[in-house]
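A.B. asks: Given next are the chains, with one letter for each unit.
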Amino acid sequence: MTLDPAIGAPAKSDHPKAPDIPVSTRRAPRRGRPLPVINALLALLVSAAVLYASFAGVGPLPALGPAFNPATGAWTMAADAAPVQSQTLTIPGLQQPVRVMFEKDGTAHVVAQTDADLFLAVGYVHARFRLFQMDLMRRQGEGLLSQVVGKAALDSDRFELQLGLLRTAQMEWSQADEITKIALTAYAKGVNDRIDEAKKTHQLDAMFTLLGYQPQPWTPIDTLIVKGDMTQTLNFTDTPLVMELLDKSLGPDLTAAWFPVLPPNPQSPYDPGPYAIQATPAPITVESSVTDSQAATALALYNRLANLPPGLIATGGDSNNWAVAGAKSTSGGALMAGDPHLHLTLPSIWFQLTEDSPDYHTSGVSIPGTPVVLIGHNQHISWSLTDAQNQQTFFYEEHEDSAHPGQYFWKGAWHNYTSVSYDIPVLNGPTDHLTVKLSTHGPVISERGLTTSVWWAGNIPSQDFSVLMRIGQASDFQGFREALRDWHSPTHNFVYADDAGNIGMISAGYYPLVAQGQPWLPMPGTGEYDVTGTVPYDDIPQVYDPPDNIVLSANQRQVGPTYPYYIGTASNFFDPGYRANEIERVLSQPGKLSAADMMALQTDTRDFLASEIVPILVQALAGDQLTTSEQQARDLLASWDFRMETGSAAASIWSTFWDAYLSQTFDPWWKAKKVTVDRHELDGALGQDLEAWTLAGTTPCQPPDGCQAPCPAGMPCPPKPAQPISSVLAQAFHTAFSTLSTKLGGDPGSWTWGKLHTRELENLAQVSGLNYGPRPDRGDANTPLAAGDSPSTHGPSWRMVVDWGTKTFSGIYPGGQSENPASTWYENKVDAWWSGLYAPMLSADEASFAPGVATWSMQP
Amino acid sequence: MKRWTWFFITLIGVAISLAGLLLGAWWLTFVAGLVLGAFIGRGRVAIPAGALAGLVAWGVGLAVLQVHFGLGPTASSLAAIMGFTNQDAIPLVLTCLVGLLLGLTGAWLASATRNLAFTSIDHAQTGER
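For the record, the sequence lines run as chains A and B. Numbering-wise (the numbering used here), the first sequence opens with residue 1 and increments by one. Numbering-wise (the numbering used here), the second sequence opens with residue 861 and increments by one.
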């Protein structure tokens with residue numbers, strides 16, 4: 001027989017030599033036993049299990065082998081997190097050498113000798129620090145999230161492909177002008193240079209490894225998709241659906257009274273008129289009531305949109321910007337401040353940089369995935385944006401007939417829907433097939449009940465990058481204004497200041513005009529109610545060097561009541577206006593203003609609404625029976641400066657009181673009328689009504705008991721029982737007091753705002769362990785330092801202050817330049833931002849002399 | 861087979877495994893285990909040797925990263941991504957475990973297969989006789 005050298009051979013060791021025993025004798029006990037077979041089978045099974053887990057992952061765990069390989073897996077984020085060092089890089093596609101300097105905090109300065117090289121280098125730098133974020137954003141817009149995260153993202157993907165960001169991006173690219181094509185092509189080349197390099201060196205972001213995929217090459221379409229994402233999150237609204245549901249439940253009269261076109265409360269339009277075209281907007285006319293099928297359709301679509309991931313539907317803006325003319329500034333030069341309020345994420349939506357080339361000298365913040373500075377300054381002008389909030393989304397109920405399948409009736413004839421088909425790859429699942437129908441109004445987004453299509457301005461090609469590049473080259477207001485002529489969507493309030501002391505504001509974009517009907521509701525799609533055009537550019541809201549030397553926007557309605565065009569209703573399209581009122585109050589005070597004043601105002605926590613209502617409340621409580629503790633709470637309010645500071649107990653009392661006042665006033669109506677829209681979603685609009693009634697001393701009405709009898713139409717309806725407003729206010733105060741006592745104990749002095757109100761910066765990939773906070777924080781939804789909800793996840797995503805008199809530029813955003821959570825640049829700017837501090841925005845020349853600068857020398 | 865031979869073969873296994881890690885072919889750790897199991901044969905030696913080779917290779921990979929860049933923030937981040945916030949050791953342990961299991965199962969499978977094969981031959985030859 002053959003001797004098994006490993007098993008059967010006598011061990012040649014230091015042990016005493018065993019007596020020579022015939023192998024057959026030693027093996028005898030194993031003969032006929034299944035042990036080796038079982039052993040081999042077990043080994044096979046366990047090996048298969050380990051290999052399966054290593055190759056494919058188990059449960060929530062990724063494929064363990066590639067994910068945890070120390071040399072090429074997720075651990076490489078350690079190397080990626082290392083501080084950036086000065087080095088020479090070879091970047092294919094460059095025409096000339098490019099220099100990229102990084103300040104200690106990660107701010108990048110790109111200096112190129114050609115414009116194309118500039119955008120190529122910016123693409124490389126963005127991808128170096130934000131590739132996963134960029135990939136997520138393009139996947140969201142292109143309906144490709146399911147491919148990497150599975151069916152959980154399928155609703156989002158289907159909706160995005162229905163809405164049509166991809167189709168719009170493709171159209172925009174086909175219509176792009178030469179400078180846009182050069183910029184976007186060069187940018188994509190830079191991104192792809194980095195993708196290739198990262199693949200070769202195994203330096204792709206760890207999230208790619210953990211999710212088990214590699215990024216595809218970047219294209220100019222992807223950049224346009226990222227722009228589309230932003231357009232969607234800023235101005236695709238479900239407001240007409242909400243209005244229809246309100247109309248159905250509350251009735252048209254009450255809906256018109258509570259959710260009017262013009263704001264019921266005092267506001268601060270920056271362009272109050274007079275207007276070139278003298279006309280007044282048509283009042284709301286009550287047409288036929290909303291039918292059951294219309295309401296059911298609206299509800300189904302409303303619920304569908306409500307269940308989409310956050311960010312796909314615009315939920316109201318929260319941004320500030322303003323400018324002060326040189327005549328009113330201490331430096332003698334114009335001042336400008338801007339703080340766009342967005343979802344605060346880690347990594348941030350922003351990447352800070354300067355761009356220098358023969359034709360561009362801009363500094364500010366860019367969105368990773370796009371090649372230009374969106375908010376910032378050049379050598380002569382500065383600009384910042386807030387959302388203009390006008391209505392850009394219109395829903396149409398298509399008229400269909402079973403005798404005409406696949407057709408809709410429009411302008412007296414039957415028309416075929418066109419259709420586009422998509423395959424949506426789904427991780428660990430079958431590919432989803434989607435066919436999108438398109439009517440003349442736009443994509444059909446619901447066929448549950450009435451077929452509903454949507455006309456959305458974001459689906460009209462808008463050459464925003466061309467505009468931004470021309471803004472970057474502008475040196476005066478005329479150039480700035482001419483560039484914005486081609487900006488269509490999303491509509492933004494562009495504030496302006498220049499080195500000659502001038503200021504201005506233009507709310508650039510499309511303001512769709514509807515032939516007739518009630519555009520704040522879904523409209524019939526038969527042609528009579530179509531969008532027929534847009535407000536002429538010369539008539540859109542705008543001012544230049546206003547006589548009071550200030551201009552401001554905070555998402556409020558930009559124009560006064562005599563503006564001749566319909567641009568949206570007061571509720572849910574425009575902001576209630578408290579931030580704008582507060583900013584105007586501060587800027588309008590006598591005396592001159594400095595950059596420090598701008599910074600103080602950006603971080604101010606004075607609640608304008610509280611300043612109006614609290615004195616009335618305190619007066620109402622004067623005649624009320626109060627306990628000692630309640631008196632203490634009232635005294636706190638009476639001596640309050642209306643600032644929502646973390647240490648303020650009065651702030652907690654005010655906020656809880658206002659919630660109770662809203663609830664006390666409107667919840668009975670919601671219950672009686674079976675309103676299907678969440679009341680809290682409408683608190684801004686209802687708060688405007690409540691504010692107006694309270695200031696006028698009008699008692700808010702109560703619904704008849706159970707609404708057994710028909711409710712009186714419209715406002716005011718008789719209260720049951722009739723109460724003076726002081727009693728209503730006192731009742732809400734008692735409710736608030738009780739709520740706070742239960743929640744925070746019996747001592748009103750200890751009810752500090754920080755115990756109720758926190759802020760949190762959320763990780764973009766929704767990894768809660770990588771969030772920042774929640775931490776107690778200042779402000780509320782009405783304060784210039786916006787911080788609605790708790791934990792507040794929206795707020796000032798970038799703060800910039802410009803003083804053209806001293807040529808000083810300051811800015812900061814909550815986050816860091818790197819998306820790598822192990823990097824010191826992941827959240828290194830958060831603490832300073834939280835404390836209200838600013839960093840100087842250095843030019844490339846200044847940065848080259850700054851301490852600790854690392855420089856990349858990019859060679860062709 | 862002398863102990864130094866086993867040690868030498870184990871070192872070869874570590875080298876194969878390390879090379880695989882550097883090339884992105886992490887599964888070479890399993891192959892290294894197979895090699896060890898095939899050459900050493902004796903399960904009670906081959907299996908620990910395979911496990912050791914995997915553990916050492918993956919551990920060395922981590923150690924190199926620790927020396928050059930520090931692993932603290934990365935371990936913390938990976939733990940958070942995996943849902944184990946503030947339990948930074950978990951990704952480290954998991955990584956070492958993956959290396960260990962790949963080496964161990966490779967060696968075990970080879971050793972058991974070899975054992976089975978020789979037993980079968982043994983049976984066959986015994987039957988012939």
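To be clear, the hints were calculated from the coordinates, so they are not data collected in a lab. Each residue gets a CB set at the ideal place from its N, CA and C atoms; glycine is no exception. Some hints could be false.
Cβ pair distances, simulated, as ranges [claimed, not checked]:
#1 K200/A to H983/B: 27 to 35 Å
#2 L61/A to T865/B: 49 to 57 Å
#3 D624/A to A949/B: 56 to 64 Å
#4 Q87/A to A949/B: 32 to 40 Å
#5 L871/B to S848/A: 46 to 54 Å
#6 Q766/A to W864/B: 37 to 45 Å
Some residues of chain B that are not near chain A, with every Cβ distance over 10 Å (derived) [as the list claims (entries may be wrong)]:
#7 L871
#8 A875
#9 F890
#10 G921
#11 L931
#12 A949
A.B. asks: Let me make sure I understand: some of the numbered hints might not hold for this structure. Which ones are they, in numerical order?
C.D. replies: 1, 2, 6, 9, 10 and 11
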